[in-house]
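There are 2 protein chains.
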Amino acid sequence: MGGKMKILIIGGNGTIGKKVSHHFSQKHEIIIGGRNSGEVIVDIAESQAIEAMFESIGKLDAVVCIAGKAKWAAFDSMEEEDFYIGLKSKLMGQVNLVRIGRNYLNAGGSFTLTTGILADHPVLLTTSPAMVNGAIHSFVKAAALELENGIRINVVSSGLVEDAVDKYEAYFPGHNPIPMHKVINGYVKSVEGKGTGEIIRMYDNC
Amino acid sequence: MGGKMKILIIGGNGTIGKKVSHHFSQKHEIIIGGRNSGEVIVDIAESQAIEAMFESIGKLDAVVCIAGKAKWAAFDSMEEEDFYIGLKSKLMGQVNLVRIGRNYLNAGGSFTLTTGILADHPVLLTTSPAMVNGAIHSFVKAAALELENGIRINVVSSGLVEDAVDKYEAYFPGHNPIPMHKVINGYVKSVEGKGTGEIIRMYDNC
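One line per chain: the protein sequences are A and B, in this order. Just so you know, we're using the working numbering here: the first sequence kicks off at -16 and counts up by one. Just so you know, we're using the working numbering here: the second sequence kicks off at -16 and counts up by one.
Keep in mind the hints are simulated off the structure, nothing from the lab. Quantities reported herein were computed from a predicted structural model and do not represent experimental measurements. Certain hints may be false.
When chains are identical, the list treats them as one kind, so a pair holds in a single copy or across two.
What the hints assert, rightly or not - Pairs of lysine-lysine residues, derived as DSBU-like cross-links and limited to a Cα-Cα distance of at most 35 Å, are as follows: (1) K54 <-> K(-13); (2) K54 <-> K177; (3) K54 <-> K172; (4) K177 <-> K(-13); (5) K(-11) <-> K52; (6) K10 <-> K177; (7) K54 <-> K42.
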C-alpha cells in the first residue's frame, strides 16, 4: 500500500490532529472526523455513531484516531463512574473503531490509535487516563494477532507534545516536550510503514 | 509492618489463591473472600458488595486480589458488551477494591492485584483480558503516586501457572509454566516487601 491512500483522521482538528492531518494531506486523501468539527461528526463514545460514520464514508485505507477523553482528578476524589468516562470514550471508543472499522478497511489497511506517556510513566491525577492508555497498549498487541486481510494496528504514545505545553506543563514536571515533527512521524511510521502490534513510543527523558 | 498481619485474600480458594492463602496462613491471619466460597462472599464486579465486605471485616494490613473475570473469545466475535464483562469485573473490580479499601487499610498496608502475561504478551482470543491486564498495570503505577499513609500497591503478573497447565496450555503454545512456589513469591514480595507501584512479572521464555 504505497501511493495515495484514503485516510480517516478522527480528532483531525485537535492539537495533534491538525498537524498530522496537514502532513498526510500533502500526499493522501484525508477525511477529518471530530466531535464538534470535521467532514464527519462523530463521538467515538457512541458505537452507533461509529457504525453510521463508516457506512457513510465507505472503504478506507487507514483510520487514525487522535481522540477520546478520560477524567483527570485526584484518585481520592474519583468515583466509580468517573472511571467510566475514559473507559467508554478513549478506551472503548478506540476499540469500537477497530471492531467496527475493520469491515470498512481495504486489504493491507491500518489502524493507528493514540495513547500517551501516562501508560508507562503516569503523573499525579492520572489513575484513569493511565489505565485507559495501558489498556489500549495491550489491546493493540492482542488485536494484531487476529486482524485479517493484512490489516495492521499500531498505537502512538507520545510524551507531552510541544503544542500542548502551555496547557499541560504544570502536570508534567521535568518532562521534555516532544517536537511536533517527531509526533507526526509516529503516525507516519504506523500508516506508511509495515509494522503491526507496535507501541510507537516517543518519550524523552525516561 | 513486619510480624503478623491481617490479610484479606479475595479469590483465596482459586487455583492460585489456595496456594497463596496456604502460604500466608503459616505466618499471618488470613480472611478468604470469594464469589462462591470463603469467609466473606463477594463479587468484586459489585462495588456495593465490596463496601459491605470491608465494613464487615474492619481494619486490615493487606488486601490481595486474585479474582476477576474477562471474556476470552475471537476478536471478530466480540461485541461491545463482551468487553464490559472484563472492564466491570477484573478491571473495575480491582480498582474499586483499592478505591474503597484504602479507607480500611492500616498505615503501611498494601494492595496486591493480579493480572497476567497477556498484558505484555497476548495470545489468540485475548483482546479483552489483555486489555484489562494492561489497564491494571498502568493503574497501579498511577495509584502508587497518590496513596497516602504509607499504603503500597503492586500487581503480580505471572505466565501460565503450573497448576493451570491442564486447563490452559492449549492457549499458550510454547509457554513455560511458572512453578507455584515462584508464583507465591510474587505475592510475598508485594505483601512482605516494601516496594510500591511495581509490576512483579514472572515470565519464563519472553
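Hints, one by one, checked against the model:
In this homomeric assembly, K54 and K(-13) never come within 35 Å of each other (Cα to Cα): the closest approach is 37 Å inside a single copy and 39 Å across copies. Taking the closest pair of Cα atoms, K54 and K177 come within 35 Å of each other both inside a single copy (34 Å) and across two copies (30 Å). In this assembly of identical chains, the alpha carbons of K54 and K172 lie at most 35 Å apart whether taken from the same copy (29 Å) or from different copies (32 Å). Within a single copy, K177 and K(-13) get their C-alpha atoms as close as 15 Å, which meets the 35 Å cut-off; across copies the closest is 55 Å, which misses it.
With identical chains, the CA atoms of K(-11) and K52 are at most 35 Å apart within one copy only, with a shortest distance of 26 Å there and 39 Å across copies. Within a single copy, K10 and K177 get their C-alpha atoms as close as 17 Å, which meets the 35 Å cut-off; across copies the closest is 54 Å, which misses it. Within a single copy, K54 and K42 get their C-alpha atoms as close as 33 Å, and across copies as close as 30 Å, so both meet the 35 Å cut-off.
Figure legend: structure checked against the earlier numbered hints; the only hint not met is number 1.
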